[in-house]
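Could you build all of it, start to finish, from the sequences and the hints given here?
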Amino acid sequence: MTTTNIVMIGVSTGGPIALKRLFADLPPLNAAFVIVLHIPSGMDYRIARSLDAVAAMPVALAEDGDYLRRGHIYLAPGGFHLKLEGNSRIILEEGPRVNFVQPSADVAMKSLLRPLKQRQIIGVVLTGMGKDGAEGIQHIKALGGITIAQDKKSSAIYGMPKAASDTGAVDFVLSLDKIGCKLVELLAGSEEPLPHND
Amino acid sequence: MDSKIMIVDDEEMIREAAEMLFQAEGIDLVTASSGKECLGYLESGFRGVILMDVMMPVMDGWDTIRDIVGKGLYEGNIIVMLTAMDAPGDKMEGLQEYVTDYITKPFYIQTLLESIHYYLSLLQTEEDVA
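Just so you know, the protein sequences line up as chains X and C, in that order. Numbering follows our numbering, with no gaps: position 93 of the first sequence is 93. All you need for our numbering is the position in the second sequence, starting with 1, plus 1000.
Calculated from the structure, these hints are not laboratory results. Keep in mind that a hint or two might mislead.
DSS-like mimics (lysine-lysine), calculated; alpha carbons at most 27 Å apart, straight line [to be verified]:
no. : chain 1 : residue 1 : chain 2 : residue 2
1   : X       : Lys-131   : C       : Lys-1091
2   : C       : Lys-1105  : X       : Lys-153
3   : X       : Lys-162   : C       : Lys-1091
4   : X       : Lys-162   : X       : Lys-152
5   : X       : Lys-162   : C       : Lys-1105
6   : C       : Lys-1004  : C       : Lys-1071
7   : X       : Lys-20    : C       : Lys-1004
8   : X       : Lys-182   : X       : Lys-83
9   : X       : Lys-131   : X       : Lys-178
10  : C       : Lys-1036  : C       : Lys-1105
11  : X       : Lys-178   : X       : Lys-110
12  : X       : Lys-131   : X       : Lys-117
13  : X       : Lys-153   : C       : Lys-1091
14  : X       : Lys-162   : X       : Lys-83
15  : X       : Lys-153   : X       : Lys-20
16  : X       : Lys-117   : X       : Lys-20
17  : X       : Lys-110   : X       : Lys-83
18  : X       : Lys-152   : C       : Lys-1105
19  : X       : Lys-20    : C       : Lys-1071
20  : X       : Lys-131   : C       : Lys-1036
21  : X       : Lys-110   : X       : Lys-162
22  : C       : Lys-1004  : C       : Lys-1105
23  : C       : Lys-1004  : C       : Lys-1036
24  : X       : Lys-141   : X       : Lys-83
25  : X       : Lys-152   : X       : Lys-182
26  : X       : Lys-152   : X       : Lys-117
27  : X       : Lys-131   : X       : Lys-83
28  : X       : Lys-178   : X       : Lys-162
29  : X       : Lys-20    : X       : Lys-152
30  : X       : Lys-83    : X       : Lys-20
31  : X       : Lys-152   : C       : Lys-1004
32  : X       : Lys-141   : X       : Lys-182
33  : X       : Lys-178   : C       : Lys-1105
Simulated coverage check for chain C against chain X, where a stretch passes if three residues somewhere in it have a Cβ under 8 Å from a Cβ of chain X [unchecked claim]:
no. : segment
34  : 1088–1100
35  : 1115–1124
From a predicted model like this one, the values you see are computed outputs, not experimental measurements. All C-beta atoms, glycine included, are put in the ideal place defined by N, C-alpha and C.
Here it is as structure tokens:
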């Protein structure tokens, strides 16, 4: 079981720009970030590279077997579902599409387990068509996590965030800018360093 | 063919406005008045950012994207829907991963240009690596 906080983000159309804006403004934070963006293979590494160029935290395509590290950002590659084993080890799986997509935010979020004491899980659903992430957000809420959905005005397509919000399991509906502020508020300096995990 | 932007719209006025806008920006542009014409450019080697209208006669934007993907012509392109429709209908189901952005008219020109420059930079990355 990981000892880091986890922020898991589900996002689709409009996502590349939204992620760029979000991470360009975020300082290094006390969490591992896992992004599930609906994207084909061939485009995924370009998005990771562009995010890495603007983010204060390192960004890489998630690889099967990777262990989450605090202060790192992992982008799920296209063509696979991403799951976490023990909230710490990345598993990439082939398999049928879920909610018409692969990777699916629901698959990734529903693989999360109840975190250790003093650790947080934060689920975020950003712009996108469809309802991927809605079940995942309910799961994160049921685990005692904190849940955030992007608001209509700042979403290119207010489908996924609305579906998440309609479940009643979303704690905060916020503009993209305010999502960044909320993450800082929730994560910055919230605990002492954990050298054995870094 | 090294054009970087393709606008696909059945309305001539929109295509002309796009020509003026992108020429002023120094960005090469090709215009297509239908999905069929768009596919023709892709088959001829166009690679770049495709600005696609949703509502077009005969073959709409979603049908056009299905054909682009089905014919193996997606690789190396970025597709952005430029539409008056506030929300996409069910026809977008299954195409999410191929639609990088969905920009609703009216839009701010400056915001559109910033987005397009970002998408062009994503494609440039691949060329740098190759």
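Does X/Lys-20 lie within 27 Å of X/Lys-153 when you go C-alpha to C-alpha?
Status holds; Cα separation ~18 Å.
Please verify whether X/Lys-162 and X/Lys-83 have alpha carbons no more than 27 Å apart.
Distance of about 24 Å is within 27 Å: holds.
Would the hint linking X/Lys-117 and X/Lys-20 be met if the CA-CA limit is 27 Å?
31 Å, violated
Verify the coverage statement for the segment 1115–1124 of chain C against chain X, using a C-beta to C-beta distance below 8 Å and requiring 3 or more qualifying residues.
Per the Cβ count (6), the hint holds.
Check whether the Cα positions of X/Lys-83 and X/Lys-20 lie no farther apart than 27 Å.
23 Å, holds
Compare the distance between the alpha carbons of X/Lys-141 and X/Lys-182 with 27 Å, and conclude whether the hinted pair is satisfied.
17 Å, holds
X/Lys-131 and X/Lys-117 were given as a pair; does the straight-line alpha-carbon distance stay at or below 27 Å?
The hint is violated at about 30 Å.
Would the pair X/Lys-110 and X/Lys-83 pass a check requiring their Cα atoms to be no farther apart than 27 Å?
8 Å, holds
Would the pair X/Lys-162 and X/Lys-152 pass a check requiring their Cα atoms to be no farther apart than 27 Å?
Holds, because 8 Å separates the two Cα atoms, which is no more than 27 Å.
For the pair supplied as a hint, X/Lys-110 and X/Lys-162, is the alpha-carbon distance within the 27 Å limit?
19 Å, holds
Hint check: X/Lys-162 vs C/Lys-1091, CA-CA at most 27 Å. Holds or violated?
19 Å, holds
Distance restraint between X/Lys-131 and X/Lys-83, which requires alpha-carbon spacing of 27 Å or less
Holds. X/Lys-131 to X/Lys-83 sits at ~18 Å (cutoff 27 Å).
The earlier numbered hints that this structure contradicts are 12, 16, 19, 20, 26, 31.
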